[in-house]
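**Q** Make a model of the complete structure from these sequences and hints.
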Amino acid sequence: MPLKWKSGSPVSWKFPVPVLKTSRSSPLSPAYIHQHSFMVWTTHSLLAPAYHLTGSLVEDDDPHMKVALGYGEMGIPAHLQASKTGNTRFFTSNTHSSVVLQGFDQLRIEGLLCDVTLVAGDGDEAFPVHRAMMASSSDYFKAMFTGGMKEQDLMCIKLHGVNRIGLKKIIDFIYTAKLSLNMENLQDTLEAASFLQILPVLDFCKVFLISGVSLDNCVEVGRIANAYNLTEVDKYVNNFILKNFPSLLGTGEFVKLPFERLAFVLSSNSLKHCTELDLFKAACRWLRYEDGRMEYAAKLMKNIRFPLMNPQELINHVQTVDFMRTDNTCVNLLLEASNYQMMPYMQPVMQSERTAIRSDSAHLVTLGGVLRQQLVVSKELRLFDEKAHEWKALAPMDAPRYQHGIAVIGNFLYVVGGQSNYDTKGKTAVDTVFRYDPRYNKWIQVACLNEKRTFFHLSALKGHLYAVGGRNAAGELATVECYNPRTNEWTYVAKMNEPHYGHAGTVYGGYMYISGKCILGVGLKLLADMSPKNVCAGGGEFRGWSREN
Numbered sequence: 001m002p003l004k005w006k007s008g009s010p011v012s013w014k015f016p017v018p019v020l021k022t023s024r025s026s027p028l029s030p031a032y033i034h035q036h037s038f039m040v041w042t043t044h045s046l047l048a049p050a051y052h053l054t055g056s057l058v059e060d061d062d063p064h065m066k067v068a069l070g071y072g073e074m075g076i077p078a079h080l081q082a083s084k085t086g087n088t089r090f091f092t093s094n095t096h097s098s099v100v101l102q103g104f105d106q107l108r109i110e111g112l113l114c115d116v117t118l119v120a121g122d123g124d125e126a127f128p129v130h131r132a133m134m135a136s137s138s139d140y141f142k143a144m145f146t147g148g149m150k151e152q153d154l155m156c157i158k159l160h161g162v163n164r165i166g167l168k169k170i171i172d173f174i175y176t177a178k179l180s181l182n183m184e185n186l187q188d189t190l191e192a193a194s195f196l197q198i199l200p201v202l203d204f205c206k207v208f209l210i211s212g213v214s215l216d217n218c219v220e221v222g223r224i225a226n227a228y229n230l231t232e233v234d235k236y237v238n239n240f241i242l243k244n245f246p247s248l249l250g251t252g253e254f255v256k257l258p259f260e261r262l263a264f265v266l267s268s269n270s271l272k273h274c275t276e277l278d279l280f281k282a283a284c285r286w287l288r289y290e291d292g293r294m295e296y297a298a299k300l301m302k303n304i305r306f307p308l309m310n311p312q313e314l315i316n317h318v319q320t321v322d323f324m325r326t327d328n329t330c331v332n333l334l335l336e337a338s339n340y341q342m343m344p345y346m347q348p349v350m351q352s353e354r355t356a357i358r359s360d361s362a363h364l365v366t367l368g369g370v371l372r373q374q375l376v377v378s379k380e381l382r383l384f385d386e387k388a389h390e391w392k393a394l395a396p397m398d399a400p401r402y403q404h405g406i407a408v409i410g411n412f413l414y415v416v417g418g419q420s421n422y423d424t425k426g427k428t429a430v431d432t433v434f435r436y437d438p439r440y441n442k443w444i445q446v447a448c449l450n451e452k453r454t455f456f457h458l459s460a461l462k463g464h465l466y467a468v469g470g471r472n473a474a475g476e477l478a479t480v481e482c483y484n485p486r487t488n489e490w491t492y493v494a495k496m497n498e499p500h501y502g503h504a505g506t507v508y509g510g511y512m513y514i515s516g517k518c519i520l521g522v523g524l525k526l527l528a529d530m531s532p533k534n535v536c537a538g539g540g541e542f543r544g545w546s547r548e549n
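If you count by the UniProt record's numbering, then the sequence shown holds residues 1 to 549, one letter each, in order.
Calculated from the structure, these hints are not laboratory results.
Positions of the beta carbon are idealized from the N, C-alpha and C atoms, including for glycine.
Wrong hints could be hidden among the right ones.
Below, simulated BS3-like cross-link-like pairs (lysine-lysine); rule was C-alpha separation at most 30 Å, straight line [what the hints assert, rightly or not]:
| hint | residue 1 | residue 2 |
| --- | --- | --- |
| 1 | Lys150 | Lys272 |
| 2 | Lys84 | Lys178 |
| 3 | Lys235 | Lys206 |
| 4 | Lys178 | Lys168 |
| 5 | Lys379 | Lys281 |
| 6 | Lys387 | Lys427 |
| 7 | Lys158 | Lys168 |
| 8 | Lys272 | Lys256 |
| 9 | Lys387 | Lys235 |
| 10 | Lys427 | Lys495 |
| 11 | Lys425 | Lys281 |
| 12 | Lys281 | Lys235 |
Per label pair, the in silico range of CB-to-CB distance [what the hints assert, rightly or not]:
| hint | residue 1 | residue 2 | range |
| --- | --- | --- | --- |
| 13 | Gly410 | Asp203 | 51 to 57 Å |
| 14 | Asp203 | Phe259 | 26 to 32 Å |
| 15 | Leu215 | Leu112 | 47 to 53 Å |
| 16 | Lys462 | Ala362 | 55 to 61 Å |
**A** See below:
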């Protein structure tokens with residue numbers, strides 16, 4: 001249930017003003033010498049009997065002196081703050097503003113000094129107010145009363161943009177700084193606050209709406225947020241629906257979603273715990289709920305990721321729907337899904353919004369390696385869950401890997417070469433290559449390297465993989481191989497000027513840089529960087545290396 005604000009009864013405060021006087025003892029008298037550092041307090045009552053003061057000043061060297069006063073006959077504590085500059089002391093009352101506000105409210109209640117009457121557009125009830133109060137709280141009223149408009153001189157003004165309930169809420173807030181909200185008066189209050197430009201009330205309405213969002217009212221709250229341009233509320237509703245979409249599907253509220261919000265939800269990478277088939281069925285249910293919605297069919301279907309469905313789902317559940325066979329856009333979506341699934345090796349370079357996994361976060365993964373104490377090579381793939389702050393196991397590789405290369409193309413993880421056994425000399429290097437699909441948590445084997453290699457560098461550059469150098473049982477390697485996902489082939493490209501293994505590498509600005517190497521197990525500290533020239537994305541052409549200083 002939405003939270004409700006309760007309005008307390010206004011309290012009228014009366015505040016006596018203390019007057020500070022210094023001692024007038026003669027500067028030559030002993031009394032002056034003794035009393036010059038003290039101050040004598042007397043009070044002149046403006047609104048109430050004098051206080052009986054029992055307080056004292058803090059140390060003079062305190063830059064922010066505080067005066068602690070006792071209680072007067074009214075039983076009201078006065079909270080004053082004082083500061084000192086030379087011989088001058090400055091005093092501030094923390095309660096003065098609230099006292100003034102309460103005083104104006106009392107004048108309004110008693111009908112005293114009111115200089116204008118406001119009337120809502122839907123009735124004749126009159127609200128006497130003070131122009132100064134209204135203008136100081138609202139740019140709308142400030143412009144009305146000071147901008148030369150005809151209302152500036154009128155004694156009675158009808159506000160056609162607000163109703164009686166909303167206008168009363170706004171006036172009460174201006175005079176009391178208090179606001180009571182419930183679902184019955186919310187829209188009237190919002191309409192008045194928006195029309196009269198009362199920003200604090202708008203903020204209170206936003207808080208009220210956000211705090212009460214539920215499965216039963218999220219659609220209505222979203223409608224209100226959109227109608228009054230409440231950006232923060234609209235964003236919150238979107239996030240709420242994304243987080244609770246499976247539950248929303250089980251209610252009658254789902255079919256009441258406006259097209260724009262449903263399209264946003266279906267397109268979002270943050271939508272979790274629903275299969276693409278679930279989303280397709282939900283979209284069909286929404287389209288059939290009301291006549292005239294079928295015009296949105298193609299636009300909604302563009303947000304369903306058909307390539308992520310398996311062939312059985314496409315044949316048994318999607319192609320059997322009439323508009324998926326008759327609408328040209330929908331037919332093309334099915335062809336896209338079919339082509340994508342028929343060419344598994346090309347999928348990394350066929351990625352689009354409809355082929356990407358629904359995820360709004362990146363993750364750190366570890367793969368393979370060697371356990372030093374047991375000298376056992378691992379085949380485990382683990383993902384670090386930042387929210388749970390723990391490592392989670394994913395599908396392991398078919399074989400263990402050590403000193404292998406890892407790279408990502410199109411959100412597919414490639415594991416290339418390396419060795420299956422612990423061997424510091426690389427005599428057990430392998431040429432096998434595997435690809436991991438995070439959408440299904442599955443591995444497939446792709447084309448093997450032309451040469452077995454370990455202790456090499458692997459980079460992904462412009463949609464291709466490059467395996468650089470390394471070593472195997474035949475010795476150190478200067479060769480470089482390029483993998484093209486479109487053809488599922490490894491081809492040799494320009495080799496390095498000299499063999500490298502155990503070297504570092506990275507990609508930056510469209511170039512690949514190689515640095516360092518090992519010779520007989522000893523790392524060389526100073527070696528020139530290497531970079532390939534003119535790497536072409538289309539054919540993966542690799543035209544050579546240049547030495548960097």
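**Q** Each of the hints needs a verdict: does it hold here or not?
**A** Hint-by-hint comparison with the structure:
For the suggested pair Lys150 and Lys272, the alpha carbons sit about 57 Å apart, so the restraint of at most 30 Å is broken. Taking the CA atoms of Lys84 and Lys178, the gap is about 35 Å. The hint is violated against a cut of 30 Å. Taking the CA atoms of Lys235 and Lys206, the gap is about 11 Å. The hint holds against a cut of 30 Å. Distance hint between Lys178 and Lys168 is fulfilled; the C-alpha atoms sit about 12 Å from each other, no more than 30 Å.
Note on Lys379 and Lys281: the hinted pairing is violated, with a Cα-Cα distance of about 39 Å set against a maximum of 30 Å. Of the pairs offered as hints, the one joining Lys387 and Lys427 is violated, with about 42 Å between alpha carbons and a cut-off of 30 Å exceeded. A threshold of 30 Å between alpha carbons decides the hint, and for Lys158 with Lys168 the separation of about 13 Å falls inside it, so the pair holds. Restraint check for Lys272 and Lys256: the C-alpha separation of about 21 Å stays at or below 30 Å, so the hint holds.
For a cut-off of 30 Å, the pair hint linking Lys387 to Lys235 stands: about 22 Å separates their Cα positions. With a CA separation close to 22 Å, the supplied pair Lys427 and Lys495 stays within the 30 Å bound. This hinted pair does not check out: Lys425 and Lys281 have alpha carbons roughly 57 Å apart, beyond 30 Å. Only pairs whose Cα atoms come within 30 Å are accepted, and Lys281 paired with Lys235 is accepted, the gap being roughly 25 Å.
At roughly 45 Å, the beta carbons of Gly410 and Asp203 sit outside the given window of 51 to 57 Å. The given range of 26 to 32 Å is respected by Asp203 and Phe259, whose C-beta atoms sit roughly 30 Å from each other. At about 50 Å, the CB distance of Leu215 to Leu112 agrees with the hint of 47 to 53 Å. The supplied range of 55 to 61 Å is broken by Lys462 and Ala362, whose beta-carbon atoms lie about 21 Å from each other.
Comparing the model with each numbered hint stated earlier shows that hints 1, 2, 5, 6, 11, 13 and 16 do not hold.
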